[in-house]
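*Asks:* This is what each chain is made of:
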Amino acid sequence: MKLLQKTNRIYLLFSGSLFLIAGLLLYFLITNIMNDEVTDKLYVEKERVVQQLKKGNKINSIPLMVEIELLDSITKETLIVKDTNLMDPIEKDFEKFRELSAIEIIDNQSYKITLRQVVLEPHDYLNSIGLALGIVFILLLIGLLFINKIVSKKLWHPFYQNLNMLKQFSLQDTQPLVLKDSNINEFRELNTSLTQLAKKVSSDYGLLKEFTENASHEIQTPLAIIQAKLEEALQVENITEKQLKLISQASSSAQHLSKLNQTLLLLTKIENHQYNKTETISLKTHIEQQLQKFEDFIISKEIEVNTSINKDILLNGNATLIEILLSNLIGNAIKHNINKGSLFIELSANKLMITNTGEQLEVEPAYLFERFSKNNSASSSLGLGLALVKKIIEINHWDITYQFANKEHIITIQF
Amino acid sequence: MKILIVEDEPQLLESIDSFLKNEGFLCEIAPSYFNAEDKLISYDYDVVILDITLPDGNGLDLLKLIKNNNASTGVLIVSAKNSLDDKLTGLDLGADDYITKPFHLSELNSRVNAIIRRRNFKGEEEIIFNEITLIPSAKEVKVNGNLLDLTKKEYALLLYFVINKNRVLTKEAIVEHLWGDNMDMADNFDFIYSHIKNVRRKIEANKGKNYLKTVYGIGYKYTDT
Chain Y
1 MKLLQKTNRI YLLFSGSLFL IAGLLLYFLI TNIMNDEVTD KLYVEKERVV QQLKKGNKIN
61 SIPLMVEIEL LDSITKETLI VKDTNLMDPI EKDFEKFREL SAIEIIDNQS YKITLRQVVL
121 EPHDYLNSIG LALGIVFILL LIGLLFINKI VSKKLWHPFY QNLNMLKQFS LQDTQPLVLK
181 DSNINEFREL NTSLTQLAKK VSSDYGLLKE FTENASHEIQ TPLAIIQAKL EEALQVENIT
241 EKQLKLISQA SSSAQHLSKL NQTLLLLTKI ENHQYNKTET ISLKTHIEQQ LQKFEDFIIS
301 KEIEVNTSIN KDILLNGNAT LIEILLSNLI GNAIKHNINK GSLFIELSAN KLMITNTGEQ
361 LEVEPAYLFE RFSKNNSASS SLGLGLALVK KIIEINHWDI TYQFANKEHI ITIQF
Chain A
1 MKILIVEDEP QLLESIDSFL KNEGFLCEIA PSYFNAEDKL ISYDYDVVIL DITLPDGNGL
61 DLLKLIKNNN ASTGVLIVSA KNSLDDKLTG LDLGADDYIT KPFHLSELNS RVNAIIRRRN
121 FKGEEEIIFN EITLIPSAKE VKVNGNLLDL TKKEYALLLY FVINKNRVLT KEAIVEHLWG
181 DNMDMADNFD FIYSHIKNVR RKIEANKGKN YLKTVYGIGY KYTDT
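Chains as they are written, first to last, in the working numbering: chain Y, 1 to 415; chain A, 1 to 225.
Any given hint could be a false lead.
[Unchecked claim] Facing chain Y, a subset of chain A residues (Cβ under 8 Å, in silico):
#1 16
#2 25
#3 43
#4 80
#5 144
#6 172
[To be verified] Which residues of chain Y face chain A? A few of them, derived with a C-beta cut under 8 Å, are:
#7 232
#8 255
#9 297
If you're looking for bench data, these hints aren't it; they were derived computationally from the structure. Backbone N, C-alpha and C fix where the C-beta goes; we use that ideal spot for every residue, glycine too.
Could you build all of it, start to finish, from the sequences and the hints given here?
*Replies:* In structure tokens, the structure reads:
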């Protein structure tokens, strides 16, 4: 829910209750005032009647309103005020009346004076109050909506604009985060904090990057020493078979570590856009080069290679990256192929499809392109090849999909 | 053959030094930029093995110095950075070859030998190992005077063995030499065996001896002892 909606909801709830309270207050006050007024009027009228009677004037009765009756005997003076419902013969309806009935002794005569006043029914004016307040409430609602629209358009505009910029902010871009200034204190404060945060994160990221690169390079030298020493150890005369094996295993691991290190460094470099030199690249030429490079492996596994290259694709990209991409994909298609298997490379319009026979993967296809996701954890492969592929696909904004059907792995790249 | 090894890491320097001396080269060492500059101004070398990341200076500047002083000196750049830019800059400045740390000493040996062949003898040298003669300029091999019909890979394999004779060569080192270091292809190295078998068959067909000894589980050794 938007902040504005939320505050509006609270405002409306609050003003709604206020309106309700106002309505009730109005109702009770009006009822009270009218009651008092009607009763007062009856008293005054009674006094008037009494005065006229005292003067000896004759007063005609008006049905329902004024009724004067001369009583036979002298009775005690009384005064009763009450409400009563009577049939109004004119309106032909029951009406509520306030009735004052008094017995007055005037000139030794007892009169029964009954005066009545129509009392306004509460529902008559309750509706009016409701209507009036309702209209005002609706006006308030419309007003609020209107104001909100303007507010969110004008006041919140820089906020949304900055939000967009934040969404687009990437550490891998070298551009600093520049937010639109606002004259609202809260936004300004937010902007300052965000800009500082971005600056800090960028610099930390830069340091980390630098550290990773430096560390990777620094690791290579001790690895080179290990490699050289182990190789020297291999040449020692009269070495036992067991010792040879130990040295060779240590040497293999040192090489594995070194390759791992180099590949991670390569990934970092790609992420850092250090391969940004682009040129026009013929995919056909590169595919043919790769197939030639892997010739020995293809022959050794007796893999049947077929290509269908109807039309060469010319891409604008970095030659090194394209080479890494194709080398990894075609390499995989050979390495994970079965003996006497097949490899089919199809290049069409804007699509490269590499299909090869092979065993079904144990790893979930969804994790296939993740770092260190290996089909066989015991294998000597680094588990970084497809991560490299994915990274290259990403920075070129291409698309890659993997399928397994009929014992064939199918990798499709959409350029 | 006089070689100068410029390397700031003493352990590695020592290994390279003793290895190349063992191969019959005359080696001098320079553990720093300053030291190397001093030696390069005073003496001539056939080959300089140059680590370009030195604590007291840029190895590429030394490369310029070498090329200005004596253009016939071969230079093999050693770098911890497997970076194409460094490689291209190095080669542009006149380096003969580029090797990335870590490397196999046998690989270093092959590269140094290749540089020497290219530079000093303009490729006209013959490498002779008993009845086997390799002619690098033509990429040809003769056994007892008979020309062998070898594929490119078979030739490279034999050359690698002969250059690194009497050494235990691991399968990894052989694969890396022949198929480059991007090859984490080789879950097993069986396919080397077919190449080795072919070379041996072709040599034996011309009454050559089989000098290749299998070092069980590790690799091979080319030796006549």
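*Asks:* Next, verify each hint and record whether it holds.
*Replies:* Status of the hints after comparison with the structure:
Residue-level restraint check for residue 16 (chain A) holds (minimum Cβ-Cβ distance to chain Y is 7 Å; threshold 8 Å). Look at residue 25 (chain A): its Cβ only gets to about 16 Å from chain Y, farther than 8 Å, so that hint breaks. Annotation: residue 43 (chain A) was flagged as interfacial toward chain Y, and the flag is violated, the nearest CB pair being 25 Å apart, outside 8 Å. For residue 80 (chain A), the suggested interface contact is upheld, since its CB lies about 4 Å from the closest CB of chain Y, less than 8 Å.
Hint status for residue 144 (chain A) relative to chain Y: violated, with the closest Cβ pair at about 28 Å, above 8 Å. Checking residue 172 (chain A) against chain Y by beta carbon gives a least distance of about 6 Å; that is within 8 Å, so the hint holds. Evaluation of the residue 232 (chain Y) hint against chain A yields a held restraint, the C-beta minimum of about 6 Å falling below 8 Å. A hinted interface residue such as residue 255 (chain Y) counts as satisfied when its beta carbon comes closer than 8 Å to some beta carbon of chain A; here the least separation is about 6 Å, so the hint holds.
Because the beta carbon of residue 297 (chain Y) sits about 6 Å from the nearest beta carbon in chain A, less than 8 Å, this interface hint is met.
Going down the numbered hints, you'll see the structure goes against 2, 3, 5, while the others check out.
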